[in-house]
Structures are given as C-alpha cells and as structure tokens.
Amino acid sequence: MISTGNLNTEESIFLNDEFFRLLKTFKEKEGFNLIVVEFNDIPLRDKLIRKIEEIKRCTGIIDFSDPSISSLTDFENLLAQQAKKNKILHLVNLSLLEDENLIFHFLEGINMHREKIASLAPVNVIFWMQEFLLKDFILKAPDFWAWHTYSLDFKVKKEKTGQIISPEQAEVAEIDNKKEQKRIRKILTYLSTKDITNLEEADNLLAEELETLIKG
Amino acid sequence: MTTTYQPPKTIWEVYSNINYNNPLESDDPKYVKTEKGRGDFSFSGILKHLNVHPKEHKFLGNKTPSNVYIAFCGHRGCGKSTELKRLASELDKPGLFKVVFLESARELDPNNTQYPDIFMSLASRLLSDLGKEKIKIKKIHYERLENWFWEKVIVDEDKTEYAADLIAGAKAETGIPFLVKIFAKITTSIKDGSTYKETLRNVIKNNFTLFAEAFNNLLAAAKVEIAKKLDRKEILFIIDDLEKLRKEEADNIFIDNVNQLQQINSNFIYAAPIDMLYAGMQLQQFFKTYTLPMIKAYEKDGTKCDKGYSALRDMLFRYADESLFSSDEVVKRFITFSGGNPRHLLQLLEYAYINSESESFDSNAISKAVKKMATDFEKFLENEDYGHLYKIDNSLDKSTSDKTRFLLRHLALLEYNEYWRKSHPAVRELDTYKKLACNK
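Note that the protein sequences, when read in sequence, are chains C and D. The numbering of the first sequence is our numbering, which starts it at 13 and goes up by one. The numbering of the second sequence is our numbering, which starts it at 1308 and goes up by one.
To be clear, the hints were calculated from the coordinates, so they are not data collected in a lab. Keep in mind it's a predicted model, so treat the numbers as computed, not measured. Ideal Cβ placement from N, Cα and C applies to all residues, glycine included. Among the hints, a few may not be true.
Here's a subset of chain C near chain D, in silico, CB distances under 8 Å, partners left out [unchecked claim]: (1) 116; (2) 120; (3) 158.
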C-alpha cells in the first residue's frame, strides 16, 4: 500500500517501486499476459492508465460500465476487437456491472473461457480491481487467476478519523441483503473517486451519494 | 542437422518465454519427465489398464482393450494437460492406438458443456481424421449415422428450425465428407450458442441411444480400416479440460449421464475434477480413476526426495539457464517454495524477475518472489483456514471436509502421493501461520 504522503506529485507516483514493477510486467512477445492491479482510488488509476499510454502507446480500455457490455460474449467480442489494435488492454469498472450476481456470473464465465480469452487477446491485459472484488475474483475464477503473471498493489493509504463501512462489514452487521450490498458497493466506488482525508468530508459525500441513489 | 536446445540466458528472456496458455507438446525441449518424482504414482497403471506393456509399448498378449473408461484427475497447475498430451503421443503409434485428442476448453463451450457436445465433437474429429488419412469406409457402416441425422435430427427439412443452417454447405457432399461437415456444424452451433442450441441438444439427447448404435457401427468399421492402413489396433479418445467444469455440469456428465458415456464402445480417458474423487465413490464406481499428484521435493518429515527434487531442478533449468541463479541455495528455494507444482515454479520465476534488482536470480529476488506468492494466498485465506492447515500439517486432521476440499482446490493445501497432504510452503511463510505455530 502506498501512503498518500508519497503521492503528492505526479513524479512521486511514477517514481514509486510498484510503478517500475508494473512496467516490468509487460511482455513484448505476442501472448496473453494477465496482470492484476489492486487499487482504491479512481483518479490515481486513471493517472496510471494515462501514464502507461504515454510510455507504451497502443493501449486500449474496456470499461464494464459501458452499456454495450451486457454479457460475456459482448466482452469477448470487444476484447478481440481491441486486442487487434492494442498491445495493452485495461479492464476497468467491473464493480459497476449491474448487480452482484452479474459480477459473479461474469467471473465464473471468464474462468471457464480462460483458453478462449487468452487466444482472443494475445496481449498484455491489466485487470484493475478494487480490494472488495479481488477475493471474489480469486475464488470464483481460480483457473483464470492461476494464469496471472503478477499482481500489483496501488492502494492509497488515506488518513481517516473513522472507518467507512465495507461490504464485508455490512455482512457481519447483517445489514439487509444484496440490494444493500449493491448500494454500498456503488458508494464505495463513488468514494474512491474522491480524495477523502477526514470522516466529516466522507459523511458529506456519503449523504450526497445516498441522496442521488434515493432520487435515482 | 539437429540443434541443441539452449535455455534462456537472460532473466528478461526467461520472463518473456513463460506462457501458460499452451500445455507443452511431448517433443518440446522444455518437457521434463516427472513421473518418478511424483511418489508412487506411475503411468504404468494407466498403460496396464489399456492393456499396454509399460516398457515394450505393445498390447499385452496381443490383446486390445475394450471399453476402458478412465478418469484422470489432478490439482490446478500440476501438469495434467502436459502429461495427457505426452501420453497421447506415446500411445498414438503403429501397433497401438489411433488417438483422438479433444481440448474441450478450446473446442467446446466450457461455460456450458453437456455430454452430447462431447460426442458430437468426438464424432467430428474422428470423421475428419478418417478423411485426412484417406481411409475408406463402406457406406453400410456409416449409413446408420446418416439415417440418424436425417430421421432423428432433421426429421423434416422444411419444418425443423435449424435444418437449413445445419445442411447449408454440406449438401453438395456425400458419404464421410458430408458427415464431417454435419458434425462440425453441430459442434460449432452448440459451442457458439446458436439460437437453436438447446433444441438441438435435446433432440440429440432424446435420440442418443440410436446415435450410440450408429456411431458404434462406424467405430467398429473404422477400427478395421485404421488397422489396415495405419497399423493402429484400437481407438482411444482423450478428452482434456473437463476438470474445469462447474460442479453441476461435471456431475451431470460424469454421474447423471454416465450410462450415456458408456454406450459408446471405445476407450476413453477423461480429465475429471479432482473434487469428484472425494464425493462418495460415484466416480470410482464407473471409471478407473488416476490422480496426478504434485511433484515431491520433500517427504512429509522434511527429508529430501531426490527424484522429485531433481525433476523440479531439471524443469527450472529448461526455463532458465543454470548460470542465471546466483547460488545453489537460491535454486533450492525456487524448488522448495513451488511446493512441487510446476506452474508455481514458473510463477516464482516471473515474480523473481519482476522483483530482481540485478541481472540474475539472486537471494533478494527469490525472497521477494516467495513473499509475493505468500501474499497471493493471504488475499483469500480466512483466519480459521490457517488453523485447519496447521492441524493437517501436524497430522491432527486427516478428514476430507468441505474446508479441506476448499484448501486443496485453491492450492493452499497440496496433496502428494504415498498419500499425505501439507500446506503450501509459501503459506507457512505468512505471519498468521507462523504465530499459530509458535503458540501451539
């Protein structure tokens, strides 16, 4: 985990050891190369993606929040198309798929379709994943995970005066059901777009997001 | 002129050349015979079951096997596909078998596989091979298969929704070339999820006995002709990758529809999920089962197992030149922390490359690689899992509970022959495990 103190400038991010390791994971030779990156801050993820494009060129993004991806087949078609044009593909926003069941179904699907996916995308594939999804990924797609070349950790350590509830904690507290889990997941994804340094600010943002959800 | 294989001589090359996508072919210079390093496991058992003399590679007493059904199991990354490919090339020889090898993960829809898909694909492969080898089969032996197709699958060309699609492109053909196209089309229609996939499958299921009879007829004739033309005395189907199926699908094939599987008169080796071995004795009831264990670098008591250790060492040096390792101690750590799992050995090479600060695999690189591998386990292990692993390591728990199966499935627990289990050596590097060990 990277502490926020080290990430005040662009340079500090890109001089980080983990970023050097990320650059080292890319393979020039044609072939499927799966890299898993754990993160908790969307602006940082996007900065890293931009920086990789600056350095390596030929990168593409497959965004699961894109409404045109509603099935594994859609994903595979897009992957095949993008792999023809790019040497590095970023897979982002899996957590924003419609609901938890769809995510699990997708993970089981990529597990079964591992060989097919590898042959469709003989390139470097970076799967950007939040911490709360990584365990599901490992357990629901173990054969796919078994082919990963390396996993990297770009989680940012944020100073907080309190704890923000995680989906796992929600389970412990037996807070309702899947619907609640889904809302929390959305909130967490939303919060990771913000630079939160204290609980009061998080409270305000949560209130803001909840209001949007209620209206929605 | 033969060229001698040279393993990569830079760590960058080592990293670039590691590729998990394709199991090694039997003639790949990176292939290492690991059989002796896996404890009392031996392919002789499978060979004997197929009535093949393990050393002379000919049928025992000149007697060919008939209707042998083998389930071949093994944990993720232990080398099943590589070994099945090697077995196929060892057996696909004059005097022995014509082997039909099906990589089901590539050739079927692994997200949704049922027994009709397997047999349509096997029929397609066999027919296509007969065509390629220019083996002539008399019409009388394949016309039942043609009749089955027209009378049971198509029924009415004008009314059946998929008729036009299946026949398109095949109508100009007759005989075996017609059947090749038809079975290939059925296979791709099911694999690619055509709109009529389920209807077609159900039609095949409802008429499977008739298909089996017709296919058996063809198989019997093919066997005679293959023997004449290729000097292969039997047919062996090897179906890889079925171990990756979801539990419900695997149960559906290997348990619920085992009778359908056994309606085909031939010899089969199926890769099957290892979990099925622990679910009662259902799999063992219908199949002769074999498990490919991990390679043993060490015995349970920690003493070195020379055969396993040297197989892993040999494997390591096929992927990375010996000169790239800074010391024997570093080599030893690669071997030890792989747990005897070939894929983990390669993964450690990748992890070490990414963490290396020099041009070689040194102590610093392997330490970081091991730590990284341990972190992979830490990401999904729960606190109680460590306790369970500790108990197994200390022979306090020999059961095969759901928890044990979970740990085996995700390789936190490894299984060796002469039957014992031990936690993955990288797991034992984690603080939670170490603390547990200190407190006991």
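Results of checking the hints against the structure:
no., hint, verdict
1, 116, "violated, 12 Å"
2, 120, "holds, 7 Å"
3, 158, "holds, 5 Å"
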